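Trainee: Make the full structure from the sequences, and use the hints.
These protein sequences, in sequence, are chains R and S. Position 63 (the first sequence) corresponds to 63 in the working numbering; numbering is contiguous. Here the working numbering runs 1000 ahead of the position in the second sequence, where the first position is 1.
Mixed in with the good hints, there may be bad ones.
Stated by the list, open to error - With a straight-line Cα cutoff of 30 Å, these simulated DSS-like cross-link-like pairs (lysine-lysine) come out:
1) K159(R) - K1133(S)
2) K1171(S) - K1241(S)
3) K243(R) - K1023(S)
4) K1089(S) - K151(R)
5) K1237(S) - K1021(S)
6) K1041(S) - K154(R)
7) K95(R) - K154(R)
8) K154(R) - K1108(S)
9) K1089(S) - K1021(S)
10) K154(R) - K1237(S)
11) K1122(S) - K162(R)
12) K1111(S) - K1203(S)
13) K1131(S) - K1200(S)
14) K1112(S) - K154(R)
15) K159(R) - K1108(S)
16) K1023(S) - K1147(S)
17) K95(R) - K33(R)
18) K1147(S) - K159(R)
19) K1133(S) - K255(R)
20) K1122(S) - K255(R)
21) K151(R) - K1111(S)
22) K1089(S) - K1202(S)
23) K162(R) - K1241(S)
It should be emphasised that the hints constitute simulated quantities derived from the structure, not laboratory data. Quick caveat, the model's predicted, so the values are computed rather than measured.
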Amino acid sequence: MEGKTKRKKITIINILQIATLAALLLYMQIAVKTGAVSKVFLAAPTDIVREGIEIIADGTLIPHFLISVEEILVGYGLATAVGIGLGILWTIFPKTEEYANVFCAAVMAIPKVAILPLLILWFGIGFLSKVVLIFLFAVFTILYNTVTGAKQCKESYLKVAKVFEATNIETVFTVILPSALPSVFNGLRLAAATAFTGVVFSEMQSAKAGIGFLLSEAQSLLNSSRVFFLIILITVMSVVFVKAISLVEYAICHKWRRV
Amino acid sequence: MSLGLSIRRQNKGCETMPDIKIKNINKTYTDASGAPVEAIKDINIDIKDGEFVSIVGPSGCGKSTLLEIVAGLLEQTSGEVIVGDDTVKGTSRDIGVVFQDSALFPWKTVKKNILYGLELSKVPREEQEEKLKNYLELMNLTGFEDKYPSQLSGGMRQRAGIARTLIMDPKVTLMDEPFSAVDHLTRCTLQEELVRIHEKEKKTVLFITHDISEAVFLSDRVILLSPRPSVVQNEYKINVKHPRSRSDDYLVQITARIVADINRGAAAPENDYII
Ligand SMILES: Nc1ncnc2c1ncn2[C@@H]1O[C@H](COP(=O)(O)OP(=O)(O)O)[C@@H](O)[C@H]1O
Ligand SMILES: [Mg+2]
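Mentor: Next up, the structure:
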């Protein structure tokens, strides 16, 4: 992790990067304001900011935002619990993996967006169908990363557990899982990104609430400033979420990692 | 087999009873293509109670294989190993193993690593703490108990690995090239510490190394294995009292003799390297 002592020097590359971004924003501003590009296709940065402040101030955004967050937390939380839980079960009892793997692989192979219509039939267009979709988007990544991490446990650690006569279950909890943590967290991070794809997509398809719903509504109203604002918002949420998972990992593992 | 207490017989009068008896041990692996690989062949070794025996031999001759069979980590193809009064069938509390790269768990502190076995066997906290204190002292680790392995030097890690094994008070200790990954000076220090501990505790040790002078410096007896499929090629008694000097004439001579015997063995006409 970047320490505070190592202050980064601003290089020519950094200056060029900032200049490029500024030029792009400036182009958007001028192109839209002069009418060179229709504001259906592009939005001026100042309009995006104004739109953002507006939908926050008039109370439009917050309820939708909270609904999306809730769907993600519940769906992703369940996926984490089930993914890691099943991973542990498979590790302790390899027979259960042998039995269940083919089913999990089959469900995983289905492009999740294709079963959205079915989920809506079963669970309605509300909260539940979103949670299930996010769950399906995330659970396999978490499961397979847990199991792979467990299988990559160093032979010598397993020998130590054996020499000290650890039972199977003790070996799993004292040796295999701790050594699988990096892989588990990789899975959690990957799953977090796909969970966002899941929620936005399903809300855009059919919903009465959520950020994805707002997004498709803004699109049908040709409100490009709002579309741009929401895209930025979703991106920031996703980045913050992934970062939060990295922070949890850091809190758990940094003490024994070589820095 | 971890059930109940293993009843240790008070074998006061019977000095002749070996503590480790390796009887006609064979191990044939199957390689990736399914062909058999004969690693060790008809190994017979008796190790007396309290004896320090080293096994040396060229790399890949089957030293680790033999150690893992004695430890109960690996099943032999044929033959039998008896430790104390019991035939080895899987790992046991009586047999401690120290691994080559220390194999400490990086996610546990030195303290938690050393206490790993005691925690698994549900030894009361106070007893754990007391033993920990003793073994930290014995291995010169006091003050490092809350460090993680990644914060220690190679020598320190190896000391912690040894403490983790010795704290269980095993009847016999098996060590597989424990000092091969540390620098020369640290290795010399660790060797001297090991001698000091062995002089004090007089426990049976089976020590594996490819460093002949290390074997000669430490052991009561050195056993030389031939190249694969390895058999006991020769055996050397080192009748020199501890503390030994590394420049002791007798030790230097015997080291030279073992080296010569290895070279002779490796140059044998029926060379098995090419199959
Ligand atoms: N799991 C295995 N499968 C096949 N061959 C093996 C296996 N483990 C070890 N061997 C072979 O057995 C021989 C002895 O290995 P090992 O006991 O590790 O030797 P040493 O410890 O003396 O270097 C080597 O030639 C090695 O390639
Ligand atoms: Mg070896």
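Trainee: Now look at each hint and say whether the structure bears it out.
Mentor: Results for each hint:
no., hint, verdict
1, K159(R) - K1133(S), "26 Å, holds"
2, K1171(S) - K1241(S), "23 Å, holds"
3, K243(R) - K1023(S), "59 Å, violated"
4, K1089(S) - K151(R), "26 Å, holds"
5, K1237(S) - K1021(S), "18 Å, holds"
6, K1041(S) - K154(R), "29 Å, holds"
7, K95(R) - K154(R), "22 Å, holds"
8, K154(R) - K1108(S), "15 Å, holds"
9, K1089(S) - K1021(S), "14 Å, holds"
10, K154(R) - K1237(S), "37 Å, violated"
11, K1122(S) - K162(R), "16 Å, holds"
12, K1111(S) - K1203(S), "24 Å, holds"
13, K1131(S) - K1200(S), "16 Å, holds"
14, K1112(S) - K154(R), "19 Å, holds"
15, K159(R) - K1108(S), "16 Å, holds"
16, K1023(S) - K1147(S), "43 Å, violated"
17, K95(R) - K33(R), "65 Å, violated"
18, K1147(S) - K159(R), "23 Å, holds"
19, K1133(S) - K255(R), "23 Å, holds"
20, K1122(S) - K255(R), "26 Å, holds"
21, K151(R) - K1111(S), "27 Å, holds"
22, K1089(S) - K1202(S), "25 Å, holds"
23, K162(R) - K1241(S), "36 Å, violated"
Of the numbered hints stated above, those contradicted by the structure are hints 3, 10, 16, 17, 23, listed in ascending order.
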